[in-house]
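Peer 1: Chains as they are written, first to last, in my numbering: chain A, 1 to 177; chain B, 1 to 672.
FYI, nobody ran anything at the bench for these hints, they're computed from the structure.
Treat the hints with care, as some may be off.
Derived pair list, reagent style DSS-like, types lysine-lysine, alpha-carbon separation capped at 30 Å [said to hold, decoys possible]: (1) K160(A) with K207(B); (2) K41(B) with K444(B); (3) K152(B) with K18(A); (4) K617(B) with K576(B); (5) K229(B) with K37(A); (6) K125(A) with K601(B); (7) K111(A) with K129(B); (8) K253(B) with K18(A); (9) K6(A) with K111(A); (10) K56(A) with K139(B); (11) K56(A) with K253(B); (12) K253(B) with K550(B); (13) K229(B) with K487(B); (14) K8(A) with K160(A); (15) K294(B) with K83(A); (16) K274(B) with K560(B); (17) K125(A) with K6(A); (18) K111(A) with K207(B); (19) K253(B) with K125(A); (20) K37(A) with K27(B); (21) K152(B) with K160(A); (22) K608(B) with K636(B); (23) K152(B) with K83(A); (24) K641(B) with K41(B); (25) K229(B) with K10(A); (26) K286(B) with K56(A); (27) K207(B) with K37(A); (28) K160(A) with K125(A); (29) K560(B) with K83(A); (30) K116(B) with K139(B); (31) K283(B) with K444(B); (32) K8(A) with K18(A); (33) K37(A) with K560(B).
Simulated DEER-style distance windows between Cβ atoms [said to hold, decoys possible]: (34) K8(A) with R46(B): 45 to 51 Å; (35) G508(B) with E118(A): 52 to 58 Å; (36) K56(A) with K641(B): 54 to 60 Å; (37) M1(B) with D130(A): 20 to 26 Å; (38) G140(B) with K8(A): 55 to 61 Å; (39) E138(A) with D128(B): 55 to 61 Å; (40) E138(A) with K229(B): 28 to 34 Å.
Computed from a predicted structure; not experimentally measured.
Every residue gets a Cβ at the ideal spot worked out from N, C-alpha and C, and that includes glycine.
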Amino acid sequence: MGEKIKKKVKTIKIDLEKCNGCRACEVICSAFHASPKYSSNNPARSRVRMIRDPIKDIYVPVYAGEYAPAECMGRDVYVIDGKEYGECDFCRAVCPSRDRFKEPDSGLPLKCDMCEGEEEPLCVKWCITDALTCEEREEEVEEEEKPADMDIALESLVEKHGLEKIADAVARMSKKG
Amino acid sequence: MRYGETGYNLEIDLATGNIERVETDPKMTELHLGGLGTNAKILWDRVPPETDPFSPDNILMFSTGLLCSTPAPGANRTIVTTYSPQTLFMGYSMMGGVFAPELKFAGYDKLIFRNKSPNLVYIWIHNDKVEIRDATHLKGKGAVETQELVRKEVGDPDAQVAAIGLAGENRVYMASIEQGRSSASRLGVGAVMGDKGIKAIAVRGTKDINVARPEEFYQLCNEVLQYIKFREERPIPNVMTILQGLGSPQEMKHTDEKWHTENFMWGNARTRRKDFWNDEIEKRWKDVQLSARKRLISCYNCPMKCGAILSLPGMSTYMMKCFSKLTYTMAAYVDDLDFAFRIAQRATEYGVDGFSTPQVMAFAFELKDAGILTDKDFAGTSAYEACPSDNMGRFYWILDRIARREGIGDILANGTYWAAKEIGNGAEEYAHNNIKKHEQLPLKLGMLNPVYFLMYATGEKANITQIEGQFPQAPFMTMEEREEFIKDWIQVPDEKFKQYVLDWEPRGERSNPYYPTPEIATDIVDWQEMMHFIDDALGVCAGLSSFPLKPPYHIHNYPKFISAATGMDIDEEGLKEIYRRNRNLVRAINVRRGLTRADEKPPQDHWKKRFPELEEKLLDTYYEFKGWSNNGIPRKETLDKLGLEYVSEDLTKRGILTDDEETPAKEASAQK
Ligand code: SF4
Ligand code: SF4
Ligand code: SF4
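Isolated chain A, as found in the complex:
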């Protein structure tokens, strides 16, 4: 168990009423995570995605959360103000049931990292209509090791192909290199 430490917790507040569906959040998130930074953009790589169904007036920016190896057995449908949202509309999981939050070429999972290193999450900065705002507070938390992007990615691969196959592949690749 880690020690108690003070940590800044950032919360992004999402005001669905104010969202105009512009997808600026997706644009800048994908650009920020390109390497080199801002060298390309591609909403499919964004860690925030607009779930959007204009005819039903459904506009939900959703953030990429944890990787989920299997899809949910039972799902929920929310009805809010007479609007019925889809079963997965509010869900942050990177799950086999959908393409969202996966790198388009490799299928590797993506996760929102709150734009580490930036003073403000960029999706918030670029949402000048204030559908997204960010609040920061201090909290005492137990220190825990945060898995790096690489670990998350590897875990998902292991989940998909089995540890042995992955190890084989890595061995093969290092020989080639």
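Knowing the structure of chain A, use the given hints to seat chain B with the ligands on it.
Peer 2: Chain B with the ligands alone, transformed into the frame defined by chain A:
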């Protein structure tokens, strides 16, 4: 690697089903940027001027702009280009929304269709996978409905769909292409899409778009966003509400319609109702709008909210922007916004232009009142009832006839110009609001404004909202107001424009129509055109650039955007030269199809006070400034200097460019 653009076009032969991904020549980007510029080049190269718009040889292009899909705010325009069945000139109509960005993420700068499909199809583009699919089951379906059906069929909720309705299928000259909250509606591009047998195009892309100088580009984008915020907090004082802010006219946001309803004409662009607006109407209209409006919405990567989702009891939801809110109800003389939204819903599903169509409808009833059309023309058949007599009922009826090309609707479906010709018997006089055969905003004014005269007369787009902008529409009343306005006017290409504003008086010697002088008016129009031409090549919405006063994009930061995005080093002079090249090429395309000075005429009744001599002088001055003959034809030197020798050669060969400027140019065969 290509920057800014994908470097590929998708070429589809609808007759053979052949689909090709074709690499483009980077040189073309250097010469024309993209969007409208490269569309013009392709149209010039590939489609001979004799080509009928409905011939298989006509091509239909859906182009992105050079900056589309980069993080540049508001870079989302799709530029649709073909020969217009209505004007017979180059038709280029633009739409916002999400289509162009998605197309570019799929890996294409342009979609180019040639020939015709033997049966109705839709196209499904998913990155490298492109399919032509049967669409016979979608025949007759609404344009909005089709988008939903196709999205379901391709099984991707993120697919963006552009579709035509019944009007496009029936080649109605006012047919639009609808896509989400946007549409390409002017100049009959939907009719050409229908003629080619394309019901819809669905696209989904998940590839990257690269920029050459990332950090620099990102900073430029941030500056634009900051400036938008700055402008949102500072509406421009001393101008009308709709001119104070950025974006398209904010018709979905504002409920106060005093200005439009009392200054724009009702009916067939005829009657001004100066005392229309009152408290009771204001209250009723506001209630209707706020209860129908579910949300204000934007195009891709733009913070402005020019569109809205509208949902009225008993009918399916649709989206709207801009002035279509009022065009139908004002044309019909119906004082009811509920009717306005309801008939616009039906019109959107049919897929027709909300500017031209209402005027065609009002024109029909004027002809009936004048006895030129008779009860016979409005009679029922076994398929439909006779035309009702109330204003609302008869407008729905005539809309149905036009979209379905039934009875008199078949003639009206060609727009007021062609319909009047066919009906004859004096009908021509009632088609009074056209330029180049195309219906204009229903606006009739008192004193000639020289700047507007030139824009209306010479604008290749034949649609004033796509030509005007940047410069105040009217002089400020006091010197203080003028000084206030020019204080932070960073967008001017040259300081002299500030002086023009200072000198322009509401009355007296330096007022309309003699001030701005022909030279100054030409300067102003050239700036306005320049910004529109650049926007249309870059795919940036005019609402953030050429249309409003003091926009975030302008001639000083555009070269930086283009350079940082593409890696080409372009300065202001270089960009201006590209503008001139594109401007002259578009003009040459139309000249080759028969455009002459005689076509450059605003409607006779647009202003009550006309000044024939001054108007000729205005045109002379403008043509001279452009390096065109007094017949509006680009001179050889002008073309050659811009690297358009192949254009001057062609025009000379055809006898359109002659040494003797006084001989009228030869009519091209496309002119009927
Ligand atoms: S940037 Fe803001 S308004 Fe635009 S889609 Fe994202 S959350 Fe919605
Ligand atoms: S906070 Fe940063 S990483 Fe997370 S979605 Fe927003 S832009 Fe992307
Ligand atoms: S200004 Fe309006 S019309 Fe233009 S891109 Fe933005 S939302 Fe669309």
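Peer 1: Of all the hints numbered above, which does this structure not satisfy? Sort the numbers upward.
Peer 2: 2, 6, 14, 16, 22, 28, 29, 34, 37, 39
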